[in-house]
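K.L.:
So the chains spell out like this:
There are 2 protein chains.
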Amino acid sequence: MKILFAIDSFKGSLGSIEAGAAAAEGARRVFPDADCVVRPLADGGEGTVDALCEGLGGERRTVSVTGPAGRPVDATYGIVGDLAIMEMAQAAGLTLVPASERNPMRATTFGVGEMIADAVSRGCRRFIVGIGGSATNDGGAGMLQALGFRLLDAAGGDIPRGGEGLASLARIERQGALPALADCAFRVACDVANPLCGPDGASAVFGPQKGATPEMVTALDAALARFASVAHGAPDVPGSGAAGGLGFAFREFLGATLARGVDIVLDETRFEEAVREADLVVTGEGRLDAQTVMGKAPIGVAQAAKRFGKKVIAFSGCVTPEARCVNAHGIDAFFPILRGVPPLEAALDRAAARENLIATAEQVFRCFRLGAH
Amino acid sequence: MKILFAIDSFKGSLGSIEAGAAAAEGARRVFPDADCVVRPLADGGEGTVDALCEGLGGERRTVSVTGPAGRPVDATYGIVGDLAIMEMAQAAGLTLVPASERNPMRATTFGVGEMIADAVSRGCRRFIVGIGGSATNDGGAGMLQALGFRLLDAAGGDIPRGGEGLASLARIERQGALPALADCAFRVACDVANPLCGPDGASAVFGPQKGATPEMVTALDAALARFASVAHGAPDVPGSGAAGGLGFAFREFLGATLARGVDIVLDETRFEEAVREADLVVTGEGRLDAQTVMGKAPIGVAQAAKRFGKKVIAFSGCVTPEARCVNAHGIDAFFPILRGVPPLEAALDRAAARENLIATAEQVFRCFRLGAH
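In the order they appear, the protein sequences are chains A and B. Everything in the first sequence is counted per the numbering used here, starting at 1 for the first residue and increasing by one. Everything in the second sequence is counted per the numbering used here, starting at 1 for the first residue and increasing by one.
Here chain A stands alone, though its shape is the one from the complex (with noise of 0.2 angstroms):
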């Protein structure tokens, strides 16, 4: 028998690989000659470097870059070979700035190319990057000039960071930018489809728990429509109003192309190979709730797995009532890992963790083998 384990982290308690590995564990408890295979997994989101770092063998780096409020920040990401997963928030994260000080008129994207840059330098040409849970409303503007692109005002100066800069926009430069890129191919994990402007852009859907008052909101949605219309770019594809625009900066002037971070990460991970020799898949995250069906990483698994017509089990930190809709999308069955009342902090003690999924994992397998008997 050959079992597929795909989990992604437990946030505060495991890893995805230390979370397939126990699952694995406790199968091998009941199943002593089953192959199991444990490949990383990740939506895009936080865990998503770790897990691909870890998974792959790759190797993580931390560089100094601009912060999305202009102060310096360390910025972490991984290289597996010529592959760089990077994750947007390590450079224009929202919670690198305290609340008080959240502007995203000023916030800018300028570290999400310095990153970029460090990565050509080592001589990455492919890129993962993940792009959720921004402060910055620039439409990627602050990353282009970090790449060498030159956004330039009436008089032929550098508009100032920040999505107020674009207001001023009047014509881009793109002969400066990084000759590597051209030999680039970036794949931006991006789990909504928010255009660029009106409402239902980045402005008016994201830019008010990024501390945009009403008028913030107006002065940006029309920056961001001079910039799309600067760049003749197209900003009602799905996806451009990601991360206060930044994925209309990637798609427009990278190449990228815009994708569900699960689906990415399976790509990259070949788990379409995986599973096709697996007689059964486990997955699961942390927690299972309604929003798991929304794209998240275990849907993305059992969605993959049902095409080839495989088993699909699932374990998580817990599960809420709502969990259950997850039945009907290619999750078969699927276990919480508590097994006591602990107090919230013990539940997400790293050891406990990994003895509850063990252990869980075990019983599950032998209600498994009880049903094949």
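No wet-lab data here; the hints were simulated from the structure. Careful: at least some of the hints might be erroneous.
[What the hints assert, rightly or not] Here are the simulated SDA-like pairs of lysine to any residue, each with C-alpha atoms no more than 20 angstroms apart in a straight line:
{"#": "1", "chain 1": "A", "residue 1": "K310", "chain 2": "B", "residue 2": "L370"}
{"#": "2", "chain 1": "B", "residue 1": "K306", "chain 2": "A", "residue 2": "G371"}
{"#": "3", "chain 1": "B", "residue 1": "K310", "chain 2": "A", "residue 2": "R369"}
{"#": "4", "chain 1": "A", "residue 1": "K310", "chain 2": "B", "residue 2": "R369"}
{"#": "5", "chain 1": "A", "residue 1": "K311", "chain 2": "B", "residue 2": "R29"}
{"#": "6", "chain 1": "A", "residue 1": "K310", "chain 2": "A", "residue 2": "A328"}
{"#": "7", "chain 1": "A", "residue 1": "K306", "chain 2": "B", "residue 2": "H373"}
{"#": "8", "chain 1": "B", "residue 1": "K306", "chain 2": "A", "residue 2": "H373"}
{"#": "9", "chain 1": "A", "residue 1": "K311", "chain 2": "B", "residue 2": "R369"}
{"#": "10", "chain 1": "B", "residue 1": "K311", "chain 2": "A", "residue 2": "R29"}
[To be verified] Some chain A residues judged to face chain B by a derived CB distance under 7 angstroms, without partners named:
{"#": "11", "residue": "L56"}
{"#": "12", "residue": "F335"}
{"#": "13", "residue": "R339"}
{"#": "14", "residue": "Q363"}
{"#": "15", "residue": "F368"}
Note that beta-carbon positions come from the ideal geometry of N, C-alpha and C, so glycine has one too.
Please arrange chain B on chain A, whose structure you already have, making use of the hints.
P.N.:
Same frame as chain A, but now just chain B:
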């Protein structure tokens, strides 16, 4: 498919029948055509009256009897036809006496006899009596007195109640005993094998937790030895020392058989007949831990099921790391019903427990089905 459910109560949340019905509801969500049979399960301790009354269609009766400390207490027992189901603790339990008032020299089982006499007067001729958790060390003398036996001192007077009264016991008159007792059959649920006297006896082992000082233990042990001698009984039969020697009185004077509580319950509910026809047996209890294998109800179920080669799944409110040992005792796989990380109060909430059990059972049966196809 025929599935037999026999789950002990989840103390503090679900009764036995409620738990069985919830697990069956989860099973039917997966196997709508399954024949789900729910039987009551108990171990002779707390919950036994409720489980058998509800499971066998009986009624509960509450009577005022003499409590262990002499004050009246309300004692509830169950009646199903000519069967009475009693928990000794209702009339002579340790929890009926405040810690400051505990006195095993004086505590009496008189109320147990009154409860039996009440049931006899209502036509009961078969008795199941669980005898865990007594406050008494009187060898069952009080019970016998309440049933009309006369325990006399050398002067021909009735000895005082309580273990210390037995020190003056000179002879026993049986002719005053309730005549209907001759037609009664008693089965006593007793999970300990202690003899009446000596270092492993009632006084030495259980006396201290009832408030006995070392001097009291010596006096009580001698008093029980005198009782055995005057009664010409066999104080070394295992279980004689249960409940302060109540096991001795039941066996010697009422012809009772002593057995594991779960075995009595399984016998009374004709469990063996049901298990022969079942394809799968589902059991469980509030907590699965290292104690579970020590003759608790789910292990009794599992052992009975395994005599016929049946598959056994167990559910519990929570499990400890040591619970895994139940796998070696007939429980093929077990599952805690916790879903999230609730505060303990919420975990004990009846409605939440029921929903959690249904939801867990559903996923377990999905997994079972998955193995089968």
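K.L.:
Look at each hint and say if it fits the structure.
P.N.:
Hints, one by one, checked against the model:
About 10 angstroms separates the Cα atoms of A/K310 and B/L370, which keeps this hinted pair within 20 angstroms; it holds. In summary, the hint linking B/K306 to A/G371 is supported, as the alpha carbons are separated by about 16 angstroms, within the 20 angstroms threshold. For the proposed pair B/K310 and A/R369, the alpha carbon gap of about 14 angstroms is at most 20 angstroms, so the pair holds. Straight-line distance between C-alpha atoms of A/K310 and B/R369 comes to about 14 angstroms, which keeps the hinted pair within the 20 angstroms bound.
With a C-alpha separation of about 19 angstroms, the suggested pair A/K311 and B/R29 falls inside the 20 angstroms cut-off, and the hint holds. The hinted pair formed by A/K310 and A/A328 meets the criterion: a straight-line CA distance of about 15 angstroms does not exceed 20 angstroms. Taking the CA atoms of A/K306 and B/H373, the gap is about 15 angstroms. The hint holds against a cut of 20 angstroms. Our distance criterion of 20 angstroms between C-alpha atoms is met by B/K306 and A/H373, whose separation comes to about 15 angstroms.
As the CA atoms of A/K311 and B/R369 are separated by approximately 11 angstroms, the hinted pair is consistent with the 20 angstroms bound. About 19 angstroms separates the Cα atoms of B/K311 and A/R29, which keeps this hinted pair within 20 angstroms; it holds. About 30 angstroms separates the beta-carbon of A/L56 from the nearest beta-carbon of chain B, more than 7 angstroms, and the hint is not met. Interface restraint check for A/F335: the shortest CB-CB distance to chain B comes to about 6 angstroms, inside 7 angstroms, so the restraint holds.
The beta carbon of A/R339 is positioned within 7 angstroms of a beta carbon in chain B (closest approach about 5 angstroms), and the interface hint is therefore held. Nearest Cβ of chain B to the Cβ of A/Q363: about 5 angstroms, under the 7 angstroms cut. The hint holds. The interface hint given for A/F368 is met, as the beta carbon of that residue sits about 4 angstroms from the closest beta carbon of chain B, less than 7 angstroms.
Checked against the numbered hints given earlier, this structure breaks only hint 11.
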